[in-house]
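Start from the sequences, fold in the hints, and give me the full structure.
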Amino acid sequence: MRLEPRPSSSGAAKILWPAGAILATVVFSSVLVMIAGASPFTVFWLVIKGAAGSQFALLETLTRATPLIFTGLAVAVAFRAKLWNIGAEAQLYLGAVMTVVIGTGAVTLPSAGLIPLIMIAAMLTGALTLLGPAILKTKFGVDEVVTTLLLNFIVLLFVSMLLEGPLKDPMGMGWPQSKRVIADAQLPRLIKGKRLHFGFILAIASAIVVWVIMKKTTLGYEMRAVGHNAEAARFAGIPVNRVIAKTALLSGGLAALAGFSEVAGLKGNLTLDLSPGYGYTGIVVAMLAMLNPLGVIAAAIFVAGIFVGADAMSRSANVPSYIAEVMVATSLLTMVAAIMLMRYRVRWR
Amino acid sequence: MNAAQGSEAETVLRLSGITKRFGTLVANDAISLSLKRGEVVALLGENGAGKTTLMNILFGHYTADEGEIEVFGKPLPAGDPNAALGAGIGMVHQHFTLADQMTVLENIVLGTQSLWSLNLGKSRARAKIRQLATDYGLEVDPDRMITELSVGERQRVEILKALYREARILILDEPTAVLTPMETEALFATLQKLVAAGLSVIFISHKLGEVQSVSDRVVVLRGGKLAGERMTSEATRRELAELMVGGQLPVNEIGPSTPRDVLFELRSVSTPSMGGAALRQISMQLRGGEITGLAGISGNGQAALAALIAGTLEAREGEIVVHGAPAGRWSPRAALDRGLGRIPEDRHATGMIGDMSVAENVISEAYRSPRFSRFGFLDWKAAAAFADDIIKAYDVKCPSADARVRLLSGGNMQKLILGRALDGDPDIILASQPTRGLDVGAVAYVHARLIEARDRGAAVLLISEDLDEIQTLSDRILVIHRGRLSKPSLRGERSVMELGELMAGHGVEEGADHAA
Numbered sequence: 000m001r002l003e004p005r006p007s008s009s010g011a012a013k014i015l016w017p018a019g020a021i022l023a024t025v026v027f028s029s030v031l032v033m034i035a036g037a038s039p040f041t042v043f044w045l046v047i048k049g050a051a052g053s054q055f056a057l058l059e060t061l062t063r064a065t066p067l068i069f070t071g072l073a074v075a076v077a078f079r080a081k082l083w084n085i086g087a088e089a090q091l092y093l094g095a096v097m098t099v100v101i102g103t104g105a106v107t108l109p110s111a112g113l114i115p116l117i118m119i120a121a122m123l124t125g126a127l128t129l130l131g132p133a134i135l136k137t138k139f140g141v142d143e144v145v146t147t148l149l150l151n152f153i154v155l156l157f158v159s160m161l162l163e164g165p166l167k168d169p170m171g172m173g174w175p176q177s178k179r180v181i182a183d184a185q186l187p188r189l190i191k192g193k194r195l196h197f198g199f200i201l202a203i204a205s206a207i208v209v210w211v212i213m214k215k216t217t218l219g220y221e222m223r224a225v226g227h228n229a230e231a232a233r234f235a236g237i238p239v240n241r242v243i244a245k246t247a248l249l250s251g252g253l254a255a256l257a258g259f260s261e262v263a264g265l266k267g268n269l270t271l272d273l274s275p276g277y278g279y280t281g282i283v284v285a286m287l288a289m290l291n292p293l294g295v296i297a298a299a300i301f302v303a304g305i306f307v308g309a310d311a312m313s314r315s316a317n318v319p320s321y322i323a324e325v326m327v328a329t330s331l332l333t334m335v336a337a338i339m340l341m342r343y344r345v346r347w348r
Numbered sequence: 000m001n002a003a004q005g006s007e008a009e010t011v012l013r014l015s016g017i018t019k020r021f022g023t024l025v026a027n028d029a030i031s032l033s034l035k036r037g038e039v040v041a042l043l044g045e046n047g048a049g050k051t052t053l054m055n056i057l058f059g060h061y062t063a064d065e066g067e068i069e070v071f072g073k074p075l076p077a078g079d080p081n082a083a084l085g086a087g088i089g090m091v092h093q094h095f096t097l098a099d100q101m102t103v104l105e106n107i108v109l110g111t112q113s114l115w116s117l118n119l120g121k122s123r124a125r126a127k128i129r130q131l132a133t134d135y136g137l138e139v140d141p142d143r144m145i146t147e148l149s150v151g152e153r154q155r156v157e158i159l160k161a162l163y164r165e166a167r168i169l170i171l172d173e174p175t176a177v178l179t180p181m182e183t184e185a186l187f188a189t190l191q192k193l194v195a196a197g198l199s200v201i202f203i204s205h206k207l208g209e210v211q212s213v214s215d216r217v218v219v220l221r222g223g224k225l226a227g228e229r230m231t232s233e234a235t236r237r238e239l240a241e242l243m244v245g246g247q248l249p250v251n252e253i254g255p256s257t258p259r260d261v262l263f264e265l266r267s268v269s270t271p272s273m274g275g276a277a278l279r280q281i282s283m284q285l286r287g288g289e290i291t292g293l294a295g296i297s298g299n300g301q302a303a304l305a306a307l308i309a310g311t312l313e314a315r316e317g318e319i320v321v322h323g324a325p326a327g328r329w330s331p332r333a334a335l336d337r338g339l340g341r342i343p344e345d346r347h348a349t350g351m352i353g354d355m356s357v358a359e360n361v362i363s364e365a366y367r368s369p370r371f372s373r374f375g376f377l378d379w380k381a382a383a384a385f386a387d388d389i390i391k392a393y394d395v396k397c398p399s400a401d402a403r404v405r406l407l408s409g410g411n412m413q414k415l416i417l418g419r420a421l422d423g424d425p426d427i428i429l430a431s432q433p434t435r436g437l438d439v440g441a442v443a444y445v446h447a448r449l450i451e452a453r454d455r456g457a458a459v460l461l462i463s464e465d466l467d468e469i470q471t472l473s474d475r476i477l478v479i480h481r482g483r484l485s486k487p488s489l490r491g492e493r494s495v496m497e498l499g500e501l502m503a504g505h506g507v508e509e510g511a512d513h514a515a
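One line per chain: the protein sequences are A and V, in this order.
Oh and the first sequence: position 242 is 241 in numbering that gives the first Met the number 0, straight run, nothing missing.
Oh and the second sequence: position 293 is 292 in numbering that gives the first Met the number 0, straight run, nothing missing.
No lab work stands behind these hints, which were simulated from the structure alone.
Take these hints with a grain of salt, some might be off.
Claimed, not checked - Ranges between beta-carbon positions, derived for each pair:
1. A:F27 x V:G423: 31 to 39 Å
2. V:L109 x A:F152: 43 to 51 Å
3. A:M33 x V:R373: 58 to 66 Å
4. V:L109 x A:L2: 25 to 33 Å
5. A:L332 x V:R315: 27 to 35 Å
6. V:R373 x A:L332: 40 to 48 Å
Said to hold, decoys possible - Okay, derived cross-link-like pairs now, DMTMM-like style, lysine to aspartate or glutamate, Cα gap no bigger than 20 Å in a straight line:
7. A:K138 x A:E3
8. A:K245 x A:D142
9. V:K206 x V:D260
10. A:K81 x V:D354
11. A:K138 x V:E313
12. V:K486 x V:E451
13. A:K214 x V:E165
14. A:K13 x V:D401
15. V:K73 x V:E9
16. V:K396 x V:D378
17. V:K224 x V:D28
18. A:K214 x V:D99
19. A:K215 x V:D401
20. A:K214 x V:E9
21. V:K121 x V:D64
22. A:K13 x A:E3
23. A:K266 x A:D183
24. V:K192 x V:E233
25. V:K486 x V:D260
26. A:K13 x V:D354
27. V:K380 x V:D401
28. V:K391 x V:D401
29. A:K48 x A:E324
30. A:K215 x V:D354
31. V:K127 x V:E165
32. V:K192 x V:D474
33. V:K192 x V:D134
34. V:K391 x V:D424
35. A:K215 x V:D378
36. V:K121 x V:D99
Note that the Cβ used here is the ideal one computed from N, Cα and C, for glycine as well.
Listed below in structure tokens is the structure:
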């Protein structure tokens, strides 16, 4: 078996291959659903209904999509420059830590000042978290996949330590959780009495900003050049190491916004289950979006819909909601395969 | 070489009507070819003419869409390399296929024995190799490691490998590309002995001189089709060239040079290695109005020298002097800021970013200048306009400035690189293997542009492994061997053989201390 590059991929191929990937995911999941003893048609109908069948369902899906847009953008930006940031989870948590450090009363300002301050501080924290691995990569050739991945566990333990120690809420009846952020540090809800919050707007705005950066600015140009061919970029005088460092700052900052928006917009405080793996799911989101910042919005809503819909489905059908994890994981694999098949033709001999 | 064999000689190989398509591209279009016993047939054609595809079909790496192959009168099953080997066809690839960490002997017997035999039968194999080596002038010590061998010796191992397997038909793909002139002579002598012993040879090349001195018959391919077939003794060089190109051959006139000031200088510079030899305390001067040619066999430090000047390899010691002033910290950016135009050795890996567009590629050295960006935002209109200018001025064949560079042919990619490097008339130009892999038309074009730059007063350094190219273009010639430079010689001062001696390392070490 051999791979031959395709001369170019048409517009139709760019839609059909990803669509095929999603279809393959559905087929594969159907088999599992049948093994679980349910009808795939019923189950998928319930998933769709649970994700978008009512105003409540739809708002819930968008709420769940918010952190995924941030982490998806973080991954998309980094992967574009071939900086393999697997550590969005760590950056998310440290962004959340910074949010509760500043937002629980340490600084008192009107919300118009406090929220931007927290946002910037959280972004800086996440940015610096990824800068370390980026410098290790450029200076010493340390593989950032390893460093960023392992940093996730270190950070989670660190947060656990904080929540048992300095950040522990004295009124929390002994639970490992932080104090709640003060009212001025909270992001407003978009609709009164519903969970969807201002973080969603921030996420959409971030996607647009990232899109502009990638398309229109010298930085975006540099990042794409370095990602496509670092050697040629270096030859042309593009400061490759500096570009990788800037990419790391941007990516880490975006991931940290996920943590900020979850704490300040939704949960109100920091716990160890703030993120059910949003950092990792961000990788799926970015791949499904083929690293396009605007595509990340759609991909994040799609993935969030599967999770929310599967939760609803598992309540009425007797299929565990883990099917959502399986579907998301499968969609990553089929998508990677589809992207490859879009660029290369397989020849058997 | 041999007298024409006449019709009584047995036909050992017959290709009839071979057609091979890759998508819409017809790589081989109904090509027929025959080879007689004791004959050397040269397969002549430019890059992309279909030579390699044809040989890959013969050797079973590809399956032809149409056509048949007959070896010694028997049809050859398609798509099976073992069948070709078994039928007595041996191939020496341009890029050798030897296991570096094994001895010559082990490489030669590799694959000829059953996996289960405990005894390699080394002494019998060794005796057979020695015999073949003395018979055909292929001296190599069977017990040396491949890593210790020179390129010429490795090629001998490849030929021995084929002979050891009783090959009666030998295919050599661009065998002289990596050889010194002396090694080339030795190879030709070997081929003579092989055909005298009744073997037949297909010799793939795009160099006319070689083809004329080694072959009995020439088959010319152009654009996947058979362009013509001539007895070597009856064909003129011009005729063959025109068959190959399909029209009049472009000729570049190069007038006498008018040397000016030294614009660029290296003063006892040493570097780390870059895959080949490292530079050891080399000094050189490039004068305005001159093309300085750097000859040498691949891997002797050309890559390090090119990378050093381009700014991608840092010197360990020594000084770079530009326009009479020490350059200080050197980098690609510094080189560009000092007005260097650079053409890298590898278009695909270093020169262009294949997955980005023509416009994105042509601005890669200047995207930060006010011409293309403001406040960190790129001016894509200016970039597209610049790309269109280069496309027009350098005659680049591409669909538009938005086309991905990957889709361009090598020649068009090289024209884009030329356009980018020569924009703003740089007065120091580094051209590293600028014509490697290009067809004759594109080569002539690149040469013309380099001559033009020299005539307007630029200092050009031409690094090439093609001695003909060096001799045609260079006003001054340097030879590099194991990271050291020879004394420079003026145009015509040294003969091919003298340059060959230097390339093989005779006299370079002594000359190094007072070079340039």
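Given the proposed pairing of A:K266 with A:D183, does the C-alpha separation stay at or below 20 Å?
Satisfied, since the Cα-Cα distance of roughly 15 Å is no more than 20 Å.
For V:K380 and V:D401, compute the direct alpha-carbon distance and say whether it is at most 20 Å.
holds, 11 Å
Given pair status - V:D260, V:K206, alpha carbons within 20 Å
violated, 36 Å
Hinted pair, alpha-carbon criterion (20 Å max): A:K13, A:E3. Please report holds or violated.
holds, 18 Å
Does V:E165 sit within 20 Å of A:K214, going by the straight-line distance between their CA atoms?
The hint is violated at about 61 Å.
A:K215 and V:D378 were given as a pair; does the straight-line alpha-carbon distance stay at or below 20 Å?
holds, 8 Å
Is the gap between the beta carbons of V:R373 and A:L332 within 40 to 48 Å?
holds, 43 Å
Take the C-alpha atoms of A:K81 and V:D354, compute the straight-line distance between them, and say whether it is at most 20 Å.
Holds: A:K81 and V:D354 sit about 14 Å apart, inside 20 Å.
Hinted pair, alpha-carbon criterion (20 Å max): V:K192, V:D474. Please report holds or violated.
violated, 39 Å
Hey, V:K396 versus V:D378, does the alpha-carbon distance stay inside 20 Å?
At roughly 24 Å apart (the allowed maximum being 20 Å), V:D378 and V:K396 break the hint.
Tell me if the straight-line CA distance from V:K127 to V:E165 falls inside 20 Å.
holds, 11 Å
Below or equal to 20 Å on CA atoms is what counts here, so check V:K121 against V:D99.
Distance ~19 Å between V:K121 and V:D99 Cα, so the pair holds.
When the structure is compared with the earlier hints, violations turn up for hints 1, 5, 7, 9, 12, 13, 16, 18, 20, 21, 24 and 32 and for no others.
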